[in-house]
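*Asks:* Chain residues, written in single-letter form:
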Amino acid sequence: MRVYLLRRLLHIVPTVLMITLVVFVMMRSVPGDPVVALLGDAYTEEDAVKVREVYGLDKPVLVQYVIWLGKLVRGDWGASILSGRPVLQDVLVRLPVTLELILLSMAIALAIAIPAALIGALRQNTWADYTATSVAMIGVSIPEFFIGVLLLLVFSFGLNGFLPSSGWVYLPGTCPMMVCGVSLWGNVQHVLMPAIALGVGRAAILTRLLRSSMLEVIRSEYVTTARAKGLSERPVVLKHALKNALIPTVTVMGLQVGFLIGGAIVVETLFAMPGLGTFGIDAIIARDYQQVQGFALITAFAFVVINLLVDLTYTFLDPRIRYA
Amino acid sequence: MTKPIRGGSLQEAELPRPASVAWTAPAVRSESPFAEGLRRLRRSHTAVVGAAIVAVLLVVAIFADVLAPYSPSTNDQTTTFARPSWDHPLGTDQMGRDMLSRVIHGTRISLLIGVSSVLLALFLGVPIGMIAGYYGGRIDGLLMRVMDLILAFPIYLLAIILMVIFTPTAGLIGTMKVTGAIAIVRIPIYARLVRGSVLSIKEKEFVEACRALGVRDPWILLRHVLPNCLAPIIVTTTLGIATSIIVEATLSFLGLGTQPPTPSWGWDLKANVAFIQANLWLSLFPGLAIFVTVLGFNLFGDGLRDALDPRLK
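So the sequence lines, in the order shown, correspond to chains X and H.
The first sequence runs 1 to 324 under the numbering used here.
The second sequence runs 1001 to 1313 under the numbering used here.
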């Protein structure tokens, strides 16, 4: 197990390097560069050449990548060409927002999916099951931003502006800047709608999956055995069946991370949240190379680490799975 | 259930026939897997509802010019933000464009991108998967490494950067760019799926028989291997269209899809979010259109899966 973990941890490095390299090369093949935006109306060809020299943009792409990597190893994520701010600082300021959004949306997804799937599987072909599966079908078919718009209509524009339509207030103790809005209730108000918008789709996918794997597991012999030896229904379902049925669900949760990142970008844009999603999309559109690299680095890292965590969860859910 | 073995050319007719038999077996034509699937499909309510939604949407997309009461891209400054009325059943937007006409024309873009991106991904992904699975070895390693590279990316990160590289534009070219970006992201899904099926199918006796008979590889792959891995491909394709439509709407929502004046649901929804407080219908209808379309393909895909391959559940 320890060897396996070490090997997997070592594996993170090449994967992250590969993703950042591909992003690096791809961004530099985008027509136009940040220098054009930086110089704006005062753009002249000579100035542009000078500025490119200053930022090292005149060097071959691979050389630029090696320079970026060299700085990164020393903890320097580079600075934005357009704003001049250090990328690492921006990422750290925005990370807690996205982290809170994603964690809460996953919690919402699980809180809906597990009971809904259990009801669906244990009361198969009853009206409760039909309701759960129909709602799940609707849930997988609505894009996050439309759920977000519907929530905005009801809770921000209806109900006397009960929940704010945009912006962010930090949780007490997490303020990453000198000054920021801090309040527990304010934070809850700001995170609630985005997290629901992001969580509902995930809940629907997980419900469908968990229900069908529960149906399969509940008919297996060891469940019959557990019942036959006189266990009451509760431990049979929760300890014996659910734990095994969760395995494919966890796999899919891992696969969903790619969609979750897209969802975070969309939801943060809709609710104008100062998170990593808006940071990333703004950087990509502005062709702010250094910021895009920072965004790619942190997403690639998160992506790989979450996939590792998913694999490790298997050993907890099914002790027979051992990584040698 | 035993599957009929097709493709062998050793004919029974060449064997000496017994002079007479005491009784003849009744000729029961076994149902082809396709007909059997179709029969099961018709019994599934979800599939029928899904197919009906998809059919209606296809009609709307094809006859958009006839059905739409106005041009989707003509501005009319005299009727900006009109409330729903007989003249404009879904109201008008800030440019005075008729929302109903925009939603109707948006069907065309959405379906076109949804279907063609999946087809493009299929045409590239299926051969890659078949070659990798059938030949194995170094070709397999190389092809699958490339596929893993694409899969290593969070899907939206790649699609967004691809769209920035392609620079979003309006019209048919803009539509093709979005199609291309979504297709690239989705190729590995089909390649992996097909490779997996081919790995097991190529070990079957009928493939070995073909090889023994000297049938050439492309023919074996096309006539004998491909038909046997069609069921999961068809199901994944239908459900894939639903995903592609959501990805397209999301890209459009982020301003990276087809550009105005070409009507696009995602773009309309985003552009109108600023005004929904006073004009709630503006974002509602493009959003509903996306929802209904995705729902249609999801229902149809679900039904197909139950009908074609119950094991895929």
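These are computed hints drawn from the structure, not numbers from a lab.
Note that the structure is predicted; figures quoted are calculated from it, not measured.
Even for Gly, the Cβ is constructed at its ideal location relative to N, Cα and C.
Careful, some of the hints might be misleading.
[Stated by the list, open to error] What follows is a list of derived Cβ distance ranges for each label pair:
no.: 1; chain 1: X; residue 1: L72; chain 2: H; residue 2: L1149; range: 40 to 50 Å
no.: 2; chain 1: X; residue 1: L238; chain 2: H; residue 2: L1149; range: 37 to 47 Å
no.: 3; chain 1: H; residue 1: A1052; chain 2: X; residue 2: V13; range: 44 to 54 Å
no.: 4; chain 1: X; residue 1: K243; chain 2: H; residue 2: S1200; range: 45 to 55 Å
*Asks:* So, for every hint listed, does it hold in this structure?
*Replies:* A quick look at each hint next to the structure:
A beta carbon spacing of about 21 Å between L72(X) and L1149(H) contradicts the range 40 to 50 Å that was offered as a hint. A beta carbon spacing of about 41 Å between L238(X) and L1149(H) agrees with the range 37 to 47 Å that was offered as a hint. Between A1052(H) and V13(X) the beta carbons are some 52 Å apart, a value that agrees with the proposed interval 44 to 54 Å. With their beta carbons about 30 Å apart, K243(X) and S1200(H) fall outside the hinted range of 45 to 55 Å.
Of the numbered hints listed earlier, those contradicted by the structure are 1, 4.
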